[in-house]
Amino acid sequence: MSEILSTKDKVRLLPTALGRLVTTTAELAAYRLGRRGSALPSQVVIKPPDAGWGAEAEMVARASLGRGFLEHSVRTWWFGMALASADRAQATVDPDLLFVAAMLHDIGLFRPLDGRCFTAAGVAAVRHTAPVGTASSAIAEVEAAIYEHIEIKKPTKPLSYYLQAGSLLDVAGTRITKVDPAIVEQVCKGRTGFPSVCRSAWRAECRRFPGGRAAYARCPGGLLMGTRLNPLPG
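Numbering-wise (the numbering used here), the sequence shown opens with residue 83 and increments by one.
These are computed hints drawn from the structure, not numbers from a lab.
One should not assume that every hint holds.
Lysine-lysine pairs mimicking BS3-like chemistry, simulated, CA-CA at most 27 Å apart [to be verified]:
1) K92 with K239
2) K271 with K92
3) K129 with K236
4) K129 with K260
5) K260 with K235
6) K239 with K129
7) K260 with K90
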């Protein structure tokens, strides 16, 4: 799909957008009524990488992201991996590639490429940060995940899906009832102030690139409202 949505695109995507909104609203209601995710099995270990491509991507993220968004990127990885575990799909997601994608997926909100959706900057950074000899298939997989993380439809590729899912959980609480409460408590300690920072950055992107998917996600009852309804601490 083009980075700029036509009127036809927006109309065609409306049922999907409304359906996802209804699903998230139901999940948030269930969470407030006490539904929580199951504890991770003892044999499942989730640990972020501390070297290699992920470390290089984290350096770029630290140099690029505004206040609160580096922590959001880390939470995106944690939540993506936790959801993959809850779905028994952990074997389909490379944790190192997901970490790279999480670190780079929002850098374009602060260092965008002129005339492009904010995701384009993250996509461009993938090749820049990839170590010599990185498989072209891995590079393409991370690029696709970053580009697709703001698609209105659910991505079909595991890396793309869990990048989007992890990010949406942190932003809007989507699928919060599936995550181990211990992980939520662990990774949300530094989340204070993120919702308002997120709204400011998203509004700025909507003004900068009004025809894009970010602006469409801002529609009434959409992403920005989700930041206010999300029960995560903030």
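Now the hints, each set against the structure:
For the hint linking K92 to K239, the alpha-carbon distance of about 23 Å falls within 27 Å, and the restraint holds. At most 27 Å may separate the alpha-carbon atoms for a hinted pair to count; K271 and K92 exceed this at roughly 37 Å. Of the supplied pair hints, the one linking K129 and K236 holds, its CA atoms being roughly 26 Å apart against a limit of 27 Å. A distance of roughly 19 Å separates the Cα atoms of K129 and K260; the hinted pair therefore holds under the 27 Å criterion.
In summary, the hint linking K260 to K235 is supported, as the alpha carbons are separated by about 20 Å, within the 27 Å threshold. Note on K239 and K129: the hinted pairing holds, with a Cα-Cα distance of about 22 Å set against a maximum of 27 Å. Only pairs whose Cα atoms come within 27 Å are accepted, and K260 paired with K90 is rejected, the gap being roughly 34 Å.
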